[in-house]
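> Below, each chain spelled out in residue letters.
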Amino acid sequence: MATTKPRLSSFSRNLSAVSSSQTPGVKCGPNGTMFVSSGIADLDKILGGGFPLGSLVMVMEDAEAPHHMLLLRNFMSQGLVHGQPLLYASPSKDPRGFLGTLPSPASLKHDKSRDRESEQEKGLRIAWQYKKYMGENQPNFDSHRDNKQDYCNEFDLRKPLERHYFTRQRVNCVGIQDSKNLAALQEHCASFLAQHQRNDGSCALAGRIAIQSLCAPQCEHSNMDWEMLSFIKSLKGMVRSSNAVVVITFPPSLLSLSSTKRWQHMADTLLSVAAIPDEDKELAKLLSGYQDMVGLLNVHKVARLNTQVPFILEATTFSIKLQKRRFLVLECLNQAPVDGSSGSSYGTSGSCSGSSKAGTLDF
Amino acid sequence: MADTICRTLRDGGLEGEHAPALTIKDSKASPFGFDVFNYVLTQLSNYILAGKSQSRGLVVVAYSRSPSFYVDLLKRRGIDIASSHDWIHILDCYTDPLGWKNWLIDKDISQEASSLSSFCQDVRNLDKLYSLIIEQGKGLIGQGKDRFSIAIDSVSEMVRHASISSVAGILSNLRSHDQVSSIFWLLHSDLHEIKFTSVLEYLSSMVASVEPFNQAAFGQRVDLENLSMLEQNFRKGKFHVRFKRRNGRVRVMCEEILVELAGIKFTPVLSEDEIINQRLLPKVSIIVLS
Numbered sequence: 085m086a087t088t089k090p091r092l093s094s095f096s097r098n099l100s101a102v103s104s105s106q107t108p109g110v111k112c113g114p115n116g117t118m119f120v121s122s123g124i125a126d127l128d129k130i131l132g133g134g135f136p137l138g139s140l141v142m143v144m145e146d147a148e149a150p151h152h153m154l155l156l157r158n159f160m161s162q163g164l165v166h167g168q169p170l171l172y173a174s175p176s177k178d179p180r181g182f183l184g185t186l187p188s189p190a191s192l193k194h195d196k197s198r199d200r201e202s203e204q205e206k207g208l209r210i211a212w213q214y215k216k217y218m219g220e221n222q223p224n225f226d227s228h229r230d231n232k233q234d235y236c237n238e239f240d241l242r243k244p245l246e247r248h249y250f251t252r253q254r255v256n257c258v259g260i261q262d263s264k265n266l267a268a269l270q271e272h273c274a275s276f277l278a279q280h281q282r283n284d285g286s287c288a289l290a291g292r293i294a295i296q297s298l299c300a301p302q303c304e305h306s307n308m309d310w311e312m313l314s315f316i317k318s319l320k321g322m323v324r325s326s327n328a329v330v331v332i333t334f335p336p337s338l339l340s341l342s343s344t345k346r347w348q349h350m351a352d353t354l355l356s357v358a359a360i361p362d363e364d365k366e367l368a369k370l371l372s373g374y375q376d377m378v379g380l381l382n383v384h385k386v387a388r389l390n391t392q393v394p395f396i397l398e399a400t401t402f403s404i405k406l407q408k409r410r411f412l413v414l415e416c417l418n419q420a421p422v423d424g425s426s427g428s429s430y431g432t433s434g435s436c437s438g439s440s441k442a443g444t445l446d447f
Numbered sequence: 019m020a021d022t023i024c025r026t027l028r029d030g031g032l033e034g035e036h037a038p039a040l041t042i043k044d045s046k047a048s049p050f051g052f053d054v055f056n057y058v059l060t061q062l063s064n065y066i067l068a069g070k071s072q073s074r075g076l077v078v079v080a081y082s083r084s085p086s087f088y089v090d091l092l093k094r095r096g097i098d099i100a101s102s103h104d105w106i107h108i109l110d111c112y113t114d115p116l117g118w119k120n121w122l123i124d125k126d127i128s129q130e131a132s133s134l135s136s137f138c139q140d141v142r143n144l145d146k147l148y149s150l151i152i153e154q155g156k157g158l159i160g161q162g163k164d165r166f167s168i169a170i171d172s173v174s175e176m177v178r179h180a181s182i183s184s185v186a187g188i189l190s191n192l193r194s195h196d197q198v199s200s201i202f203w204l205l206h207s208d209l210h211e212i213k214f215t216s217v218l219e220y221l222s223s224m225v226a227s228v229e230p231f232n233q234a235a236f237g238q239r240v241d242l243e244n245l246s247m248l249e250q251n252f253r254k255g256k257f258h259v260r261f262k263r264r265n266g267r268v269r270v271m272c273e274e275i276l277v278e279l280a281g282i283k284f285t286p287v288l289s290e291d292e293i294i295n296q297r298l299l300p301k302v303s304i305i306v307l308s
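Protein chains in written order, with this note's numbering: chain A, 85 to 447; chain B, 19 to 308.
It cannot be assumed that every hint is accurate.
In the DSS-like style, the derived pairs of lysine-lysine whose C-alpha atoms are separated by at most 25 Å in a straight line are [said to hold, decoys possible]:
hint, chain 1, residue 1, chain 2, residue 2
1, A, K177, B, K156
2, A, K345, B, K213
3, A, K177, B, K46
4, B, K146, A, K264
5, A, K264, B, K156
6, B, K213, A, K177
7, A, K177, B, K163
These are computed hints drawn from the structure, not numbers from a lab.
When you get a sec, could you build the whole thing from the sequences and use the hints?
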């Protein structure tokens, strides 16, 4: 079987090499779907290619941390770099000001390989952290690096996006705080999506809609549960027949439980971000790489359009890290296994026999 | 740790950032929220007077106490009131919030207080209140790049006269105003639905909650056994703070409070209960086969 050398086998499918050359930033996927990048390479990998065109992505915010903004920024920047029109709605007084915080693609001199070996000795490999080392044996992404560079850029969060990106294209910013209800936003979305109607096969230009904190408390519509639900429903219907992706973030703690469930059901792709406690010694023992982590990302649902086959994820919880405080990476959690009987963690010693409570396991 | 809160309010916000906002919440079980509020107010006033803080003025929006109360409070804590015109202003939403009196017989308001305060006679119009606060604040700091702080007596009173979304609107607008350095408010959490408390926690960058010292003893009948525990609840409490830090992490801290006649005292907790946030992580366990 072609497990170690997929490229040489005649049975391998080079899906990622088939990209729509007319349309930058759009990749063909299985089952007739087309993907756009989320702006985060790791997230594209986790989701099986990116965000499918015509889908609704929802991100559940954590009231205690602004990590959803990181996801939004990368998403919006990626679209602007590819020249894809963008509609951005936010409850702040000056939505246009947010564009100034969008990250710029990193300069090519940056070393893209992740240096996982640097912190650890070559000889010692911790058994329960084996997943970290599996990534080294996969050469197939390197060969498509050129294509990958076009499809998904690595963004430097410390470098702001050049102004010409958002004055050249149509970037429409809408404030949702002051309007009485969602009718104005709905009109904006409808006219935006009408320009990206899906004709048979060909994809003119993909569009992106980013709505931040849809049920933010300072908006008057935030207590109109059914209005918000019907807005999302109509938006989902409109985006299905268009070449666009909609990303909506919302804080579920501000909605009733039944509303939250309904919103979650509406999503094609559902993600959530969570804050982690600071200077927590127990968590530092339990997780490796705790120092670099800023938060957690959970994948609850992955969009499957035109197919009934479910997408099975290996893991659903990922840590959000900022490499060199600039580059957003998502990593699988390397969690020390907890001894079922005594509840103590093996993370302190790093090896299976180092626990001081081994007395109960002596045979 | 309460000092950490005061220092964060003192340092204010960076350029382009929202101002730090503190929610102090208490409940009937441990009603010391107002004492904590007064403590924070006094500390911030001391910092402003000493010139150590980012803000150069303080606007107190007084809903549940009259301005003369605050004047007396500051006097008791040794702050010089006579020269206070240029750094503190009290917006009086207590005396006549709905404009029922056309003129005011100010027997209750002393001479000193009336010079430091101005009336707000329609608390239902939060847009007007917003512009009043900003106007008073700018009046304190003058032209230039200086900033001022805001203290809101209680948002529980504020929401009696206005909707949740308009209260959320005014608070977030105040936080995002360029000249506001920091803002803090008091909330009595058991007066509201959970949604309102969640809204305020969402809007703030620090949440300080006052909880009863002996959780189990509250609500029980007074017996000889739990009498001493109940009595402890009358003077002591627990103070939990959740900080939202700039790096996206949450710092959780805990202290004990003791309320005395002279004020409130904060002491560090002797035994630390470490709670592992297991709910965040998927459970991984090993099974030993024998």
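> Hint by hint, which ones does the structure fall short of?
3 and 5
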